[in-house]
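Every letter in the sequence shown is one number past the one before it in full-length UniProt numbering, and letter 235, counting from 1, is 235.
Keep in mind that the hints are not guaranteed to be accurate.
Simulated pairs of lysine-lysine, DSS-like, Cα-Cα distance not exceeding 30 angstroms [said to hold, decoys possible]:
#, residue 1, residue 2
1, K168, K234
2, K65, K13
3, K65, K81
4, K168, K226
5, K92, K65
6, K92, K13
7, K15, K57
8, K81, K92
Distance ranges between label pairs, derived from CB positions [to be verified]:
#, residue 1, residue 2, range
9, P61, T102, 53 to 61 angstroms
10, F49, T102, 48 to 56 angstroms
11, S37, L62, 46 to 54 angstroms
12, E247, A109, 17 to 25 angstroms
13, I214, F245, 46 to 54 angstroms
14, R82, F245, 37 to 45 angstroms
15, E86, M46, 24 to 32 angstroms
16, A73, E5, 52 to 60 angstroms
17, E86, R242, 28 to 36 angstroms
18, R189, E213, 27 to 35 angstroms
19, L237, P138, 38 to 46 angstroms
The hints are simulated quantities; they were obtained by calculation from the structure and are not laboratory data.
No residue lacks a Cβ here, since even glycine has one placed at the ideal position from N, Cα and C.
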Amino acid sequence: MVEKEAALNNLEKIKADALAVLEEVANQESLEAWRVSHLGRSSPVMGVFSSMGTLDKDLRPLMGKAANEVRQALETAFEEKRQLLEAQALQKALETEQLDVTLPGRPIAHGRLHPLTQVLRRITRIFGDMGFQVYPSPEVETDDYNFTYLNMPPYHPARDMWDTFYTKTEGVLLRTHTSPGQIRVMRDRAPEPIRAILPGATMRYEQLSARSEIEFAQVEVLVIGKNVTFAELKGTLEDFARRLFGEDARTRLRPSHFPFTEPSAEMD
C-alpha cells in the first residue's frame, strides 16, 4: 500500500511540476524545449514507464494506467498551449503589420512590351549610363528644321534621298529623321556642353517590304564640348555596340557622306 501511494504521488508531482513550467512558457522555442523535457524519451513521465518492471505485478496495471493518464494530460496541455501561442503570434502580426484585407488585389500584367520598345529602352539605358540625357523632339516638323537648318535648302539634291510626307499646312511635314531634334537641343542648351540622345519615330513614303516600312525608329546621339575628338566618337560607338550586342561584338567604321556632318562615317 505504501509503495502504491508513493508511486501515485510521484506521478501527480510530475504532472504538477510540468504544468507549472508550461504555464510560464511564452514562445514557440520555449514550448518545444518543454516538450522535449516533459514528454521526450528522457522525461520523468517516460521514466515511470521504463521503471515499470521494478514494481510489484499487482501494481503494474494501475501504475500503467495512471502514467498514461498523466502523459495524455500533458500532451493535451501542450497542444492547448501551442494553439494559444499561435493565436497570440497571429494577433501580434495583424496589429504590427496592419494589413488591410479589404484592399483590392494587384492586377496581373498581360502581354509583353513590343520588341522595338524593349530595344529602344535598352539603348536609352546604355547611353544613360554613359551620361547622356534623352531629348524628345516633335514628330511633326517644319521644313526648316527637317531640311534647311541641316544644310539642305529647297534646291539641294540631298532632299531627294527621302520621300517626304507633307501635310496640308505649307512648310509642315512628318520628320524624315530625328536630326531636327539636334537643332532644337542646340538652341535650347547653347552655349553649355551637350551630351544628348534623340530617340523617336520617323516617317518616309517608301515601298512596304519585309525590311522597310513607312515608319521606323531612329536614335541620334549629339555631343558638343571642348576638345571632343573623332576618336571619342569611335570609342563611344564601340562601347555601345559591346554593351548592346555583347563583349565579342566586332565593329567597322567606314567613310560616308551626310549633308550636315563633316567628316562623316558609318559603323557596321
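Could you grab the alpha-carbon distance between K65 and K13 and see if it respects the 30 angstroms cut-off? holds (16 angstroms)
Verify the proposed pairing of K81 with K92, using a straight-line Cα cut of 30 angstroms. holds (16 angstroms)
Run the distance test for K15 versus K57: straight-line Cα separation, threshold 30 angstroms. Holds: K15 and K57 sit about 24 angstroms apart, inside 30 angstroms.
Is the distance from the Cβ of E86 to the Cβ of R242 consistent with 28 to 36 angstroms? For E86 and R242 the Cβ distance comes to about 56 angstroms; the hint is violated.
Holds or violated: are the alpha carbons of K65 and K81 at most 30 angstroms from each other? holds (24 angstroms)
Looking only at beta-carbon atoms, does the pair E247, A109 fall within the given range of 17 to 25 angstroms? Cβ of E247 to Cβ of A109: about 32 angstroms, so the range 17 to 25 angstroms is violated.
Given a hinted range of 38 to 46 angstroms, is it respected by the beta-carbon distance of L237 and P138? Since L237 and P138 have Cβ atoms about 26 angstroms apart, the given range 38 to 46 angstroms is violated.
Pairwise hint evaluation, K234 against K168, where the allowed Cα distance is 30 angstroms at most: violated (41 angstroms)
Are the Cα positions of K168 and K226 separated by 30 angstroms at most? Roughly 42 angstroms between the alpha carbons, so the hint for K168 and K226 is violated.
CB of E86 to CB of M46, is that within 24 to 32 angstroms? holds (26 angstroms)
Range hint 46 to 54 angstroms: satisfied by the CB atoms of S37 and L62? Roughly 26 angstroms apart at Cβ, these two residues miss the hinted range, so it is violated.
Taking the beta carbons of R189 and E213, is their distance inside 27 to 35 angstroms? Once the Cβ atoms are compared, 32 angstroms apart, the range 27 to 35 angstroms for E213 and R189 holds.
Checked against the numbered hints above, the structure breaks hints 1, 4, 5, 6, 11, 12, 13, 14, 16, 17 and 19 and satisfies the rest.
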